[in-house]
Amino acid sequence: MLLRSMKQAVYNADNAGHFGLALKRYAHFTSPIRRYPDLLLHRAIKYLIAKQEGRNTDRWTPTGGYHYSFDDMDYYGEQCSMTERRADDATRDVADWLKCEYMQDHVGEELDGVIANVTGFGFFVRLTELHIDGLVHISSLANDYYQFDPIGQRLIGESFGAIYRLGDAVKVKVLSVNLDDKQIDFELVETSRKLRGKGKTAKKRMAEAEKKKAKAKQRVAEVRGKRSPKAAKPMVEATKRPDGQEEDVLPHKRKKSKATKSRSNKARQNKARGKAKKK
873 MLLRSMKQAV
883 YNADNAGHFG
893 LALKRYAHFT
903 SPIRRYPDLL
913 LHRAIKYLIA
923 KQEGRNTDRW
933 TPTGGYHYSF
943 DDMDYYGEQC
953 SMTERRADDA
963 TRDVADWLKC
973 EYMQDHVGEE
983 LDGVIANVTG
993 FGFFVRLTEL
1003 HIDGLVHISS
1013 LANDYYQFDP
1023 IGQRLIGESF
1033 GAIYRLGDAV
1043 KVKVLSVNLD
1053 DKQIDFELVE
1063 TSRKLRGKGK
1073 TAKKRMAEAE
1083 KKKAKAKQRV
1093 AEVRGKRSPK
1103 AAKPMVEATK
1113 RPDGQEEDVL
1123 PHKRKKSKAT
1133 KSRSNKARQN
1143 KARGKAKKK
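Using this note's numbering, the first residue of the sequence shown is number 873, and each one after it goes up by one.
Just so you know, the hints here were simulated from the structure itself, not pulled from any lab data.
For clarity, every value in this text was computed on a predicted model and none was experimentally measured.
There could be a bad hint or two in this list.
[Unchecked claim] List time: in silico DSBU-like cross-link candidates among lysine-lysine, alpha-carbon distance up to 30 Å:
(1) LYS918 x LYS896
(2) LYS1054 x LYS879
(3) LYS923 x LYS879
(4) LYS918 x LYS971
(5) LYS1045 x LYS923
(6) LYS1043 x LYS971
(7) LYS896 x LYS879
(8) LYS1043 x LYS1054
(9) LYS971 x LYS1054
[Unchecked claim] Restraint ranges, calculated between C-beta atoms of paired labels, are given here:
(10) ASP930 x ASP1005: 51 to 59 Å
(11) GLY1033 x ALA899: 49 to 57 Å
(12) GLU1030 x GLN1090: 58 to 66 Å
(13) GLY1033 x GLN1055: 23 to 31 Å
(14) VAL979 x ALA885: 32 to 40 Å
Don't be surprised by glycine CBs; every beta carbon is placed ideally from N, CA and C.
Work out the full structure, taking the sequences as your base and the hints as a guide.
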């Protein structure tokens, strides 16, 4: 991760130092037999030593020294940087092809590994015993929406809380191997992290939603059936006659007072007198 976060080193005639070693001046020359930039530095150093000792006035020395101009070193630096990248790419392509050829015989097997890299489209798992990398694509994970956290190097599921972080131990199944594209696809089997829930497909979610709706309708119907109107019961017990039979309970009539009775009697008498006078 530390190397990925830095820019690739290049050979340059300007001595800008070394970032990793925190040196203002730096030049490596330890492998002149296999690295051409180191051989160039050996030649330049031999020339400078011979010139400083006054043993040579030409551009070259009998011991293999040579004087390179700044433009020469700048050109050779660009050329060596390009050829080094090309050699690394060729080595990586051959190694990837050999890994894919080997994994073709292991399709369907379940193996332990560690998440070695996390991206927005999935994460790469490095097998513990074989040291071979393969991709667990985000489409093969549980049906959820995943957010990529580049700072934390993890994928986070919004619905079920699944987290796949750099360095997590996992178990994967070898899903497929593409020898032409030099790609190995894995399928996640187990993870060391616990989930809040298990992912479900869209069909399962729709089926569960329909079941919930049907249950809700059934409950409403049951509640309405329990609330159906019933025959009203009298609040007062029926009175019994002297012969033992019950009387129907009717609303009690309000008793009239003596004053009310006398007023109603007078009103009836006055009414009768008025009718008699008319006759």
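Going down the list of hints, with the structure as the test:
{"no.": "1", "hint": "LYS918 x LYS896", "in the structure": "23 Å, holds"}
{"no.": "2", "hint": "LYS1054 x LYS879", "in the structure": "26 Å, holds"}
{"no.": "3", "hint": "LYS923 x LYS879", "in the structure": "37 Å, violated"}
{"no.": "4", "hint": "LYS918 x LYS971", "in the structure": "44 Å, violated"}
{"no.": "5", "hint": "LYS1045 x LYS923", "in the structure": "65 Å, violated"}
{"no.": "6", "hint": "LYS1043 x LYS971", "in the structure": "19 Å, holds"}
{"no.": "7", "hint": "LYS896 x LYS879", "in the structure": "17 Å, holds"}
{"no.": "8", "hint": "LYS1043 x LYS1054", "in the structure": "22 Å, holds"}
{"no.": "9", "hint": "LYS971 x LYS1054", "in the structure": "8 Å, holds"}
{"no.": "10", "hint": "ASP930 x ASP1005: 51 to 59 Å", "in the structure": "53 Å, holds"}
{"no.": "11", "hint": "GLY1033 x ALA899: 49 to 57 Å", "in the structure": "52 Å, holds"}
{"no.": "12", "hint": "GLU1030 x GLN1090: 58 to 66 Å", "in the structure": "32 Å, violated"}
{"no.": "13", "hint": "GLY1033 x GLN1055: 23 to 31 Å", "in the structure": "30 Å, holds"}
{"no.": "14", "hint": "VAL979 x ALA885: 32 to 40 Å", "in the structure": "51 Å, violated"}
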